[in-house]
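My request is simple: use the sequences and hints to build the entire structure.
From first to last, the protein sequence lines stand for chains U and Y. So for the first sequence, my numbering puts the first residue at 1; every next one is plus one. So for the second sequence, my numbering puts the first residue at 395; every next one is plus one.
To be clear, the hints were calculated from the coordinates, so they are not data collected in a lab. Honestly, I wouldn't trust all of these hints.
Derived contacts from chain U toward chain Y, CB cut-off under 7 angstroms, selection only [stated by the list, open to error]: (1) SER99; (2) THR135; (3) PRO140; (4) GLN145; (5) VAL199; (6) ALA200; (7) PRO201; (8) GLN249; (9) ILE250; (10) ASP252.
For glycine and all other residues, C-beta sits at the position ideal for the given N, C-alpha and C.
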Amino acid sequence: MAGFKDQVAIIGMGCTSFGEHWGKDVKDLIIDACYEAFDDAGVEPKQIQAAWWSSMISGELGRSLAYPLKTDYIQISRVENRCAGGQDAFLNACFAVASGAYDLVLVCGAEKLKDSGIPAAGMDPTTPYTSRADTLFVPPTAFAQLAQRYFHHYGIDPVEGKSVLARIAVKNHHNGTLSPKAQFKREITIEEAVKAPLVAPPLGLFDCCGISDGGAAAIITRANLAKKYRDDFVLVKGFGVSSGHYQAQIQDDWDLAHIEENVRAAKQAYAMAGIEDPRKQIDLAIVHDCFTITELIIYEDLGFSPRGKAKDDVIAGTFELTGDLPVNTDGGLKCFGHPVGASGLRMLYEVYKQLQGKAEARQVKGARTGLVHGLGGTPIDSSTAAVIIVGGRD
Amino acid sequence: MVGIESFGAYIPKWRMALDLIVKGMPGERAVAGPDEDSVTMAVAAVLNCLKGEGRSQVDGLFFASTTSPFSEKQMATLISKAADLREDIMTADFASSLRAGTNAILLAADAVKAGSARKVVVVAADCRLGAPGSEHERNGGDGAAALLISRDNVAISLESGASVANEIFDIWRRSKDIFTTSWESRFDLTEGYMKSMSGAIVTLMKKTNLTANDFAKVVFYCPDGRTSTTLARSLGFDPKKQLQNPLFGSLGNTGTSSPLLLLGAALEEASPGNNILLAAYGSGSDALTFKVNDKIGQIKNRLKVSIQLKSKRMVPDYFTYLKWRGLVLDKDIRVPYSVTYASAPAIFRERDRIFPLHGSRCRVCGSIEYPSQRICGKCQAKDDFEAIALSDKRGKIFTSSKDPVTGDLVGLINFEGGGRIFCNLSDGDLSEFKIDTPVEMSFRKLELLSSDSISSYIWKAVPLRS
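Next up, the structure:
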């Protein structure tokens with residue numbers, strides 16, 4: 001596989017606050033995110049040569065981005081890969097820049113979930129079926145089954161398991177209090193998390209991320225052009241994307257105690273970025289904590305913790321802001337909520353700011369290499385996982 | 395010799411204490427669960443009836459019910475599909491009268507006798523809905539029974555039959571009505587039930603030269619707890635010794651399926667050589683005489699009426715019952731965008747997956763997969779698989795949870811002998827579906843949106859019944 005390292009630079013980013021934006025529609029979220037990115041990069045909107053747009057339900061076609069921004073008949077491509085859509089749109093834009101087809105490209109992800117009146121971000125019933133004679137479920141139900149299986153697989157008592165998951169929620173809630181743009185900015189306790197009402201047993205309220213509206217954007221260029229725009233640009237070091245084929249359902253020996261898509265995406269990204277020991281070489285990671293159990297399993301899937309041992313690292317505080325490998329320094333999906341198509345770029349925004357030393361109270365000292373991870377789909381059907389590794393200039 | 399080769403009953407697991415309807419009233423009635431209807435109960439009865447029986451010689455399936463979920467759309471086709479019967483068979487729905495079940499038995503027997511069918515399945519099912527608070531609601535019950543009518547290997551021969559037609563408005567339900575209406579009970583019972591039943595039974599006894607003493611058991615459709623005793627006595631039977639207990643207070647009057655279920659209960663105690671009289675009522679009467687032979691032992695260990703009566707769960711409260719029956723307004727669940735309405739072509743295209751629960755077995759690596767995969771998930775062989783029916787396979791819970799939006803239980807099941815399904819779980823609480831719990835499959839309805847115009851059906855996993 002040809003290398004991709006250090007060919008594309010991020011020169012500007014923007015991100016709206018995430019939450020219940022009753023007063024804003026998706027066009028407002030797009031404009032607010034993109035104009036922050038234009039200002040950050042110091043470019044005029046009309047300089048943008050092409051754009052990639054990520055959304056699950058907030059607008060089909062390139063026109064969904066063109067209409068609010070009033071772009072001038074440029075190429076705009078929509079990418080849909082559910083919760084990994086933001087990462088994937090970013091990568092497709094990177095491909096266009098690295099190929100030399102364009103010099104200056106915009107990526108925007110935005111999602112308006114709170115107009116639907118639906119208490120869940122997505123339901124996974126129909127694909128690949130269309131008859132609707134199928135079992136219907138929302139994501140918490142899928143990840144709850146993963147949690148039950150993970151505890152069973154490693155002989156973890158469910159009560160202990162719940163308290164380990166609670167620690168992840170407590171950590172992310174603490175980080176959320178330091179994030180001005182987060183939906184939830186409130187400390188919680190382990191007891192509060194463990195005793196919260198059940199959503200899908202064994203997962204309770206604080207094991208689940210919120211549902212919010214939000215938008216985020218990035219402006220990218222080829223690495224050799226980046227200096228024109230700023231000194232502290234951020235380079236793409238590697239990426240990996242992997243899609244499963246319903247193994248958990250159709251293969252009767254599938255363990256459902258890990259997410260193979262994560263493993264494969266990380267492996268590809270690490271090889272490209274030259275990472276041999278992720279726990280040592282990565283300074284911070286923003287991962288897809290749609291549920292606490294997801295974050296726990298991601299620690300193992302991405303090689304931060306040995307299999308079955310993530311709980312020891314959680315208890316040791318490894319992934320806290322002051323730990324060896326801070327994860328979800330901004331509070332994660334737990335505190336930002338999860339406007340599906342926007343989340344990937346929100347995650348990248350946090351890493352971008354951290355690498356520039358602009359993460360204020362959340363700043364990870366000396367952060368040089370950051371990881372962004374997204375996971376669309378569920379472990380019960382199948383997922384697309386995306387891992388992007390970015391780093392500062394050498 | 396034409397008669398019954400096999401029998402299968404289905405009594406839903408749910409019971410409603412009559413005390414929930416009238417404070418202090420003893421007893422209970424069987425109630426179909428929220429995901430059950432006459433069709434799902436019929437499928438369960440047919441599968442119990444055909445367990446271990448060859449299906450290739452079944453040339454017909456007759457479905458008898460006054461509570462088919464569709465006024466226009468044959469349900470015998472759907473039931474025979476779910477039971478994995480051939481497609482080149484005669485199917486028919488018998489409706490509009492509580493003796494539709496015996497109508498179907500008599501005509502099935504004639505078809506077999508005439509040689510136009512080798513074996514015919516007759517299944518009767520009803521979900522008896524009484525107006526809230528009414529006697530009809532208290533006396534009613536939900537259930538199904540199936541018989542395999544054939545010429546060979548018969549365990550109970552059908553000796554003779556007689557029918558009476560009686561045009562009378564005693565009990566009726568117009569197409570637009572939800573509940574049945576009846577005239578004054580004195581009139582109904584005298585000019586309706588007693589007159590028609592006696593007429594058919596007396597004719598039959600004359601025809602067969604049998605007297606009351608010749609019968610080990612008489613099985614009557616019973617409109618209430620008393621009148622059938624009066625009828626039996628008037629015909630010279632000893633109600634205590636000979637009349638089959640109508641199961642009021644435990645099962646209730648299950649309508650079309652009632653005479654067949656009561657026949658099943660009677661067969662549990664029958665011995666070779668016994669004569670059994672069966673009589674059903676509804677705008678007239680059908681009376682049938684059966685003779686039990688020594689093959690009765692072969693079908694006695696079927697899932698019995700008595701065992702199913704004991705295997706039960708109580709409906710928690712009356713409001714829950716009303717919700718299940720759609721008698722209180724329940725708004726549509728708000729479902730996210732990707733859940734659209736059921737599609738008729740998609741259901742048609744996937745009928746082998748949806749109704750008889752076929753998965754695929756890879757001819758190259760042997761991997762069993764559900765839904766059927768054209769490309770094997772394990773070895774990637776293309777279009778090299780055979781269908782495998784999973785509906786009669788038992789399995790174990792691999793993982794489970796409860797969905798917060800639909801409120802339904804879901805889980806992954808690993809089948810004995812291989813294969814896995816992601817499906818809903820029913821007839822139990824989440825605590826009854828822990829990892830490694832054994833389960834079996836049950837055909838249920840799937841109604842998410844009350845605005846749907848197509849009823850979908852789906853296989854779910856349920857705790858073992860026996």
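Status of the hints after comparison with the structure:
1. SER99: violated (31 angstroms)
2. THR135: With a closest approach of 5 angstroms, the THR135 of chain U hint holds.
3. PRO140: Holds: closest Cβ of chain Y sits about 6 angstroms from PRO140 of chain U, inside 7 angstroms.
4. GLN145: Holds, because the Cβ-Cβ distance from GLN145 of chain U to chain Y comes to roughly 4 angstroms (cut-off 7 angstroms).
5. VAL199: Holds, about 5 angstroms.
6. ALA200: holds (5 angstroms)
7. PRO201: Holds, because the Cβ-Cβ distance from PRO201 of chain U to chain Y comes to roughly 6 angstroms (cut-off 7 angstroms).
8. GLN249: Status holds, d = 5 angstroms.
9. ILE250: holds (4 angstroms)
10. ASP252: holds (4 angstroms)
In the structure shown, a violation is registered for the earlier hint numbered 1 alone.
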